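**Q** Quick mapping for you: the protein sequence lines, in order, are chains A and B.
According to the numbering used here, the stretch in the first sequence is residues 824 to 1112, in order.
According to the numbering used here, the stretch in the second sequence is residues 404 to 691, in order.
Worth flagging that the hints you see were computed from the coordinates, not collected in a lab.
This one's a predicted model, so the numbers in the text were calculated from it and none came from an experiment.
Don't take every hint at face value.
[Unchecked claim] One side only, chain A facing chain B, incomplete, derived with CB under 10 Å:
1. S837
2. S867
3. F1093
[Claimed, not checked] Label pairs and their computed distance ranges (CB to CB):
4. A/P890 <-> B/G654: 25 to 33 Å
5. A/A976 <-> B/A542: 53 to 61 Å
6. B/G557 <-> A/A997: 46 to 54 Å
7. B/V423 <-> A/P839: 50 to 58 Å
8. A/A1098 <-> B/Y419: 31 to 39 Å
9. B/P573 <-> A/A972: 39 to 47 Å
10. B/F417 <-> A/S837: 53 to 61 Å
11. B/A542 <-> A/M887: 55 to 63 Å
[As the list claims (entries may be wrong)] To spell it out: a stretch of chain B is covered by chain A in this simulated footprint if at least three of its residues, at any positions, have a beta carbon under 8 Å from a beta carbon of chain A; those stretches are:
12. 443–450
13. 552–564
14. 597–603
By construction, the Cβ of each residue, glycine as well, lies at the ideal position given by its N, Cα and C atoms.
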Amino acid sequence: MAALVLWAPGIFTSRPVLVAWEVGGMVALVSGVVGVLTILRGQSFLGHALSDVGATGAAGATLMGLPALLGFLAGGVVAGIAVDLGGERVRERDLATGVVLSAMLGLGALFLYLLTETGNAAGAVETILFGSLFAVPPDLVPAVGLTSAVALALVALLWRPVWFATLTPESARARGVPVRAVGLLFTLAVVAAVEESALAVGALLSTALLIGPAAAAMTWARRPVSAVLGAAAIGVAATLIGVVLAYDSYFWPPVGRGWPVSFLITALVFLVYAASQWRRRRVHPGGGL
Amino acid sequence: MGGVWGSVFAPGLFTYTFMVHAWVALLAVAVAAPVVGYFVVLRGAAFMAHAIPQSAFMGAALAVLVGASPLVGVGAATLATAAGLAVLDRPQRPGASGAVVAMVLVLSLGLGNLFLALSNAYAGEVYALLFGQLVGVSAGEAWLSVMLMVVLLGTVAYVYRPLLLTSVLPESAEARGVRLMPVNLVFALLLALAATMTVPVVGSLLSFSLLVGPAATASRLTAHPARLLGGAVALAVVTVAVALVLAYDTGAPIGFVVTALTALSYVAASALGRWPHGGERAADARGA
C-alpha cells in the first residue's frame, strides 16, 4: 500500500517522468561537481547571477525564434567573461557581478516587455524563471548531455591546478600556475552547469542545485574528491526523488493541480543543507572541508 | 513649447496624477536606496542586496494566495528574509557566506513558486512585482515611499558611526566593544526597508540595481565617505529623473532604462577611475 502511494500508477512508463529523470539527473550531477569549487572560490553570487543573466539570453532567443538553450549559454558566457575581467579580489568581483547582473536584468525586462507585446508572455516568463522538468522536450536531451560533458571535461582537465589556485593562490602563482586563465576556464564550466540547469529547473532555482548539495557535502567531506562526489550524489538523489514527489502530488491537496517540481527539488535540497548546518554546529563546529 | 523641448518634456509629464505619484515615489527611492547601497558597497554585500528584494516575490505570492494586500506581503517577506540572513550569516570559512545567502534566496523563490502554483489567481500582479509597474503607483503608495524614506534616513543618521566602523573595519570595531550582530541586523533591516519601498515601483529584479549601481559607480571615483555618499545620491536622482522622462516619452519599461543608465555610468566611471589622478587614490583606498 505504501509502495502504491509513493510509486503512483504509471510512473515508470510515463514518458515525461523518464525524460525528467534523465535531464534532471544530468543537470544535478554537473551542478554538484562544479558547486564545491564555486563556493570555495567565493563565486556563489556569480553562480546565481549567471542563471538570471541566462534568462535574459533565453528571452532574447525566444524573441528571435531561436532555441532557449542557445540564449541561456550565450548570455552566460558573455556575463561570465565580463565578471571575470571585472576584478581579481572577491569584493571587487562581487560588485562587478552586481553591475553586470543589473544591466542584464534590465535588458531582460526589455525583452520580456517586448514578448508581452508580441504574444503570450505570462507563460514564457514563468517557463524561463521557474521551468519545469516535465515540460522539457525530449529532443533537448542530447544538447543537455553535450553541455554536461563539456562541463565535466573542463573540471577533470583543470582538476589539480584549479584546486591549487583556489586554496593557495599565492603559492600556485609562484609555482607557475596560470591562475587567471585557470579561473576563467573554470568560470566557463560554471556557466555550462548553471545554464543547463536554468533551462531544466528554471533560472531562479538552478542556484539550489549548484550551491545546496555542495554546501552540505562540504560539511561532511574531508577530501576534495569526496566533497565533489558527495555533492553530486545529494543533488542527483534530491532531483530523482523530487520528480517522484511531483508526480505523486496530483493526489495531494489541492487535488488535481500538482505541486511544482522545481519547488519540491529545492525543498529537498534545502532540508539536506539545513540538516548539515545543524549537525556541523552541534557536532564539530568549524569541521569539514 | 514645441520642437525638441516639447517632445522631450511631453505633455502630462509633470501633470498627470499617475506621473506625479511616480515622480514622488521614484525620487524618494532615489534618495534612500543609494544611502543603503553605500554600506552595501563598503561591506561587499551585493548578494544580500540582491536576495532581499527578490524575497518580495514570495511575499507577494503568499499575499495573493491568502487574499492580503501584496504590499503587506512584500514588507513582511523582506523583513523576515533580512532578519534570517543577519542571524544565519556568520561566515567562518571562505565562501560560506555566499552559500548561506544563496540558500535563503532559493528557499524564498521556491516558496514563491509554490504559493503561485497553489493559488488560482491570475499571476500578473505577482509578475508585475518582479518588473515593477510605474504607472500603477497610487497616492497612498507614493506617500508610503516618502514616509519610509524618512524612517530610513533617520535610522541611518542614528546608527551611522557604528555602521560605518563595522563595515570598514569589522575586527577593530569588535575590539572597541561594538557588537557586530545587532549592527548587522540593523543593516539587513535597512536593506529590507529600501527593498519594500523600491520593489513596487521598479520591481524586485531591478530595485537591486538602484541599491548597488550608483554607490558602486561613485566608489570608482572616490573613497572619501561623505563624497561617495553624496555622489551616489546625486547620481541616483539624476538617473531616475532622466529614466522617467525617457520611459514616459518612449514607452520603454522603466526598469530597463534605469539599469541601462546605471550600467553606462558605471562603465564611464571605471574608465575615468583608471585616469592618473582622481582614480588612483580611490583605487589605493579600495585595495587597502
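**Q** Does each hint hold? Answer for all of them.
**A** Now the hints, each set against the structure:
1. Interface restraint check: A/S837 against chain B, minimum CB-CB distance 20 Å, threshold 10 Å, status violated.
2. Against a cut-off of 10 Å between C-beta atoms, the interface hint on A/S867 holds, since the closest Cβ of chain B lies about 3 Å away.
3. Interface restraint check for A/F1093: the shortest CB-CB distance to chain B comes to about 5 Å, inside 10 Å, so the restraint holds.
4. Distance hint check for A/P890 and B/G654: the Cβ-Cβ separation is about 29 Å, which falls inside the suggested range of 25 to 33 Å.
5. For the pair A/A976 and B/A542, the supplied restraint of 53 to 61 Å holds, since their beta-carbon distance comes to about 59 Å.
6. Distance hint check: the CB atoms of B/G557 and A/A997 are about 51 Å apart, consistent with the given range 46 to 54 Å.
7. In this structure, B/V423 and A/P839 meet the distance hint of 50 to 58 Å, their C-beta atoms being roughly 51 Å apart.
8. A hinted range of 31 to 39 Å is violated for the C-beta pair A/A1098 and B/Y419, which are about 55 Å apart.
9. Restraint check, B/P573 to A/A972: a C-beta distance of roughly 44 Å satisfies the suggested window 39 to 47 Å.
10. A hinted range of 53 to 61 Å for the beta carbons of B/F417 and A/S837 is consistent with their spacing of about 59 Å.
11. A hinted range of 55 to 63 Å for the beta carbons of B/A542 and A/M887 is inconsistent with their spacing of about 41 Å.
12. For a cut-off of 8 Å, the count of residues in the segment 443–450 of chain B with a CB near a CB of chain A stands at 4, and the three-residue condition holds.
13. With 0 residues bearing a CB less than 8 Å from a CB of chain A, the segment 552–564 of chain B misses the requirement of three and the coverage assertion fails.
14. Coverage of a stretch by a chain is defined here by at least three residues with a beta carbon nearer than 8 Å to that chain's beta carbons; for the segment 597–603 of chain B and chain A the count is 0, and the condition is violated.
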